[in-house]
Amino acid sequence: MTDIVQKPARSWSLSSFSLSRGNMERVMNIASPLFLLLLWEIAARLGWIDVRFFPAPSKIFQTMLQLIENGQLWVHTKASMYRLFWGFLWGGVPALLLGISMGLSRTLRAIMDPLVSATYPIPKSAILPLILLIFGLGEPSKVVMVAIGLFYPILINTMAGVLEIQKIYFDVSKNFGASKLQVFTTVALPGAMPLIMTGVKLGVGMGLILISLAEMVGAKSGLGFMMWNAWEILSVETMYVGLIVIAALGITFTLILTEIERFLVPWKASR
Amino acid sequence: MAASTLAEPPPRAGAADDVKIRIRGLTKVFESKRGPFTALDTLNLDIPTGCFFMIVGPSGCGKTTLLRILAGLETQSTGTIEISQPADGRPSNSMIFQGDSLFPWMTVWDNAAYGLTMRRLPKAQIKERVSFYLNRTGLSRFHDHYPHQLSGGMRQRVSIARAFANDPDILLMDEPFSALDEQNKVMLQEELLKIWEETRKTVLFITHSVDEAVTLGDRIMVMTAHPGREKATLDVPFERPRQVLELRARPAYGEFVFNIWTYLREEVQRARALDEGSSS
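Taken in sequence, the protein lines are chains A and B. Throughout the first sequence, residue numbering follows the numbering used here, covering 1 to 271 in sequence. Throughout the second sequence, residue numbering follows the numbering used here, covering 1 to 280 in sequence.
Hints in this document: simulated from the structure, not taken from any laboratory. There could be a bad hint or two in this list.
Said to hold, decoys possible - Here are some, though not all, of the chain B residues that point toward chain A, as calculated from beta-carbon distances under 7 Å: (1) Leu73; (2) Tyr114; (3) Gly115; (4) Tyr146; (5) Pro251.
Glycine included, each C-beta is placed from N, C-alpha and C at the ideal position.
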């Protein structure tokens, strides 16, 4: 009794079941995919759907546990992440530097714009054979594919970000004696940061697409390889595990990038 | 650090031997699609050291162009500008811009410290100066705010703090209060006068408001409508320090404002006629 008096009985009173609208929506957000999974499970068990293509979620989950236990899933995920990381560095950093330079220099823009416009529309997947030919079947070809995929969205968004900066800010930096490098670091880079982050998010999505593709064709490890291999040995569950992990990676990266954005662009966050 | 500048002799407009900015035959022609456009036409001007120099003119008379040339943001077509440079490595000029010129991605503090940071001054010195001027402009509490979190008047105060903290030889002001409402304008004029009294730097202030020119200035140049030339230059007969509202209540103030208006009215009408002529 004394317990109840000391802590107001708010956690388990009846009123907690009348949810606010926001909580209601949150519950629905979680409930709808769960419901779909449940439906899928029932349909698979009752034979309404072909389990050769759509194995029951419980089966997929079992396979996933197996793959975690024997360490395979980790090996493949690590291989893909490793390639994504190096591709991000090799594609992202040059794209960032070139994008800002193109935004700042009219001459450089005149030189580079036709090259970028001409190569950008080429589907990145279509150059995979060429990349394999040039860089071989080892690690470099995968890293290069990711790098190319990241390069364009980051380059184009960075340049647009710099061009969007109002001229008065460059006037201020000039009047207050900023050097070229200081204009770069105090005006161009922070001013373009909102669009740079958009470019990075788009680029990471593109990188995930291209890494799975590249690994299907010429690799002995990675999530793409795992899924392709699963097709060859008809282990449909493993394919689904690969899809789930890639989706989870995509969501995780987006969450991390959103946090980084909040940190790098604090002046836009609270608008 | 303000002590050295405080020791300067108080300005008496007209000490001809002590000229800070000497402009001779300054002409600026812009190339536009309709052909060349003369913004400034053989302008001659002497601005004495320590003078609060006002330029009034109808819009489009090239007054902003003049300021931008002096700020190093534009180059003249012909003519010469001599500016006596500070010997101690301080910057020659700092500009207070019209409208929003604070970097949205920097806090109030970083904005105010911008010029000093660019010059790579010792951290302790930057801290001392920035906190001094943020304090003087009443912004200390907002040092970690971003510009979008401030009102227009506060933002322009940061602009003023940024320019004064940079400790330039000359302050260039391009209609800094034109975007503010009347109450804010009077407050900021009052504050600007107070801060300026402490250092009495040479100021070149551009405005289209006669009231503002008379309230703030030692000397006023009225410019002609385009091309921009000198129409008249008058010394303001009011002593310092000034109280904005007290000054405006004086009969002599009204007379002097009227005096300036007689010069300006013709030019405003001429500018209007030119605009109508070119648009039809």
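| message | Hint compliance check: list the failing hint numbers for this structure, sorted ascending. | response | When the structure is compared with the hints, only number 5 turns out to be violated.
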